[in-house]
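Student: Order-wise, the sequence lines are chains R and G. Note that our numbering has the first sequence beginning at 2, numbered continuously upward. Note that our numbering has the second sequence beginning at -1, numbered continuously upward.
If you are wondering where the hints come from, they were derived from the structure by calculation, not from laboratory data. Backbone N, C-alpha and C define an ideal beta-carbon position, used for all residues, glycine too. Warning: the hint list may mix true and false statements.
[To be verified] With a cut-off of at most 20 angstroms between alpha-carbon atoms, the simulated DMTMM-like pairs for lysine to aspartate or glutamate come out as follows: (1) LYS61/R with ASP110/R; (2) LYS56/R with ASP117/R; (3) LYS223/R with GLU184/R; (4) LYS423/R with GLU403/R; (5) LYS203/G with GLU412/R; (6) LYS183/G with GLU436/R; (7) LYS203/G with GLU90/R; (8) LYS61/R with GLU111/R; (9) LYS223/R with GLU211/R; (10) LYS198/R with GLU283/R; (11) LYS209/G with GLU283/R; (12) LYS66/G with GLU37/G; (13) LYS83/G with ASP69/G; (14) LYS83/G with GLU96/G; (15) LYS90/G with ASP78/G; (16) LYS253/G with ASP225/G; (17) LYS206/G with GLU90/R; (18) LYS203/G with GLU103/R; (19) LYS440/R with GLU401/R; (20) LYS445/R with GLU403/R; (21) LYS206/G with GLU401/R.
[What the hints assert, rightly or not] Partner residues are not named here, just some residues of chain G that face chain R (Cβ under 8 angstroms, in silico): (22) ARG110; (23) ALA112; (24) ALA114; (25) ILE120; (26) ILE128; (27) VAL129; (28) ALA130.
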Amino acid sequence: MNSPIRTWRFHGGVHPADGKALSNSVPAQRAPLLERYTVAIQQNIGAPPKPVVQKGDTVKKGQLIAEPGGFVSAPVHAPTSGTVGDIVEVPGANGGAIPAIEIISDGKDEWGSGLDPIPNWKNTDREILKKRIADAGIVGMGGAAFPTHVKLSPPPEKVIDTLILNGAECEPYLTADHRLMLERTEAVLEGAAIAAKILRVDRVFLGIEENKPDAIAALNEKAGQYGVTVVPLHVRYPQGGEKQLIYALTGRSVATGGLPMDVGCVVQNVGSCAAIRDAVVEGHPLIERYTTVTGTPVANPGTWILRFGTTVEQALTFAGGVKARAAKVIMGGPMMGFAQTSLGVTVTKNSSGILLLQWKETAEYTSNPCIRCGRCVRACPMKLLPGPVSVMVESENYDEAEKNYVMDCMECGVCTFVCPAKRPLVQHFRRAKAEINAKRRAAKAKQA
Amino acid sequence: MLITILVSAGVVAAVGLILGALIGFTAKKFEVQTDPKIEAVQELLPGANCGGCGYAGCADFASAIVTKGADPSGCSACSDAMLAKIAEVTGKAAGKKEKMTAVVFCSGSFSRSARAADYNGILDCRSASIVAGGGGKACRFGCLGYGSCARACPFGAIEIRDGLAVVHPELCRACGKCVNVCPRKLIRLVPASAPIHVYCNSLEKPAKRRKFCKNPCLACKKCIRTDENHMQMQAGLVRVNYSNPPEASFVEQVKCPTGALQVEEIHRKIAALKPVEPAPKAAPAPKKEESK
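So that you can see chain R by itself, here it is in the shape it has in the complex (with noise of 0.2 angstroms):
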């Protein structure tokens, strides 16, 4: 396909069996109103945030539930009208038990977010947008759930010329990104351009990988129109990384420990741009997402729009439960998401999937030693050692392992999935990276 604009090849990738065609052609359905909702109140990266409502409480949808701790924080808010129950525990989608607010419905499933929405928002000030932004509680959408309104505010010193629009979905199975490119296009490129407003950019990219034609067709008939230029990628993984979009789509490399915004970029993911979008134009806080609930044993794969709150049982029963015994539930994709062990993990603004796996899909591995074959090192898209960098973590030496910056490591499984040897070397690196963490805490600890 041709491009646009001269891109770049990143480092390395690897192309797994995608799996898309279960769900990529299926026009994403509205879930059905649920009758109950547990909303976990941390949804994002950063400071917890604090509930505002009590038990009994009566709410409306879109109406905030719980406020930001923090500058790097996002508020919650209300899925559906009705009355708050009790602040109960459910299943993290990372382990543990997480904090979350109870809201029964009561069928009327009402708006009051009390936001303002703002049409002419081509003549409003920036900051008035960003705080809507802020207000709306968006966050990232790919993946990490960082707060969108943080992204948008750089440090002055800092010089942003592009931003990037992260429609790459390179993820195995997931197909959320691309039905909303596809059915909710002009939302995605108008919430692109009030992004670049807030930024003061007028280069905007949308990257997008090349499996997806009908998107790009869909973009390219209206991107014009936004100042968007959208640009097929290459099929392989992980184009969306957000260095490696960077990297393919500028030729700028981000520094080690860096930021996007080092460089002059800023990434947002499409699924973010739309909410921007709901938040300014329709005045409609982020409550529901695109969600694909996918894989083989799922009935009927698809994406689903659902609300946050939503339990994992819940989107399974929308999508005609499971027709084939199921070994592994996993929120996220296959390369990146994490196995669950309850289907009672609920959805959070960044589920982006819901994949089912057979027992014959999964695979069970014994660790042997490395054998130095270098395929790792080949594959890694962000130019590590892995292999050596394990055996360093295996003998727990933290230090070392710092030194070849695992730090830098985003935990892609590139050099998991093409290790000969089989070793576990995605967990090795988070191991490295929790030990690291906690000496730099405790380092701090000390100091102050």
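Position chain G relative to chain R; hints supplied.
Tutor: This is chain G only, laid out in the frame that chain R set:
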């Protein structure tokens, strides 16, 4: 020919003598004076370099005892007899110390606790604990059973029996290495004289605890009602009052409904009842069975 041999032998001998004299001279001239007491004390210390005293190994601690007047009883691994000998060498009375031992506050071995998932990752507690579902056991407070503490123990006092870490008090020297390494914070140092413990660390809702484990503490407080001086609540958990521990017969007296309150020796025996065997593999993850 003979001359050559004699000359070369003579040269080598002369070189050897000169160098030997040089070494002897420098050894005397630049001798580092060490206190013989330090070496004597170091001989008496256990030499495991466990770091439990807070110094960088036994040699460092020995010099601290002699030069800085550190208290030898700071060594948790020394026996009282050894402390007395050290006191003899230094000429200072050693402080008395109570013998401590580590206790793993969990009774959830593989055969006595429920599993939530099949875990196929790194067999190490600290690595398992960062994965969702952390290691397979359903209880998120209990022992993971992958032996991080056993590997950390310099005295070989911790054994993994059927997926549960148990401490052998006769080997434990209370250095505290296992306490820091356990990701679930299950291990505490307590007086070795206490014969019974509450083997549960769960902060789950009491009604749920039974689903996960055969011997959970349900916080029914029956033991506390039996004798308030011996048992107490600590941060939501029922614990033996270690400043006034009860006798072993207290277990008979209380009749703990779940058996979480147990005599240490019996707890170890129960854990040993079922030998360690590989986790069952045949059934595809007992995770979900749903048909709608």
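Student: Among all the numbered hints in the text so far, which are the ones the structure does not match?
Tutor: Of the numbered hints given earlier, those the structure breaks are 2, 4, 5, 11, 21, 22, 23, listed in rising order.
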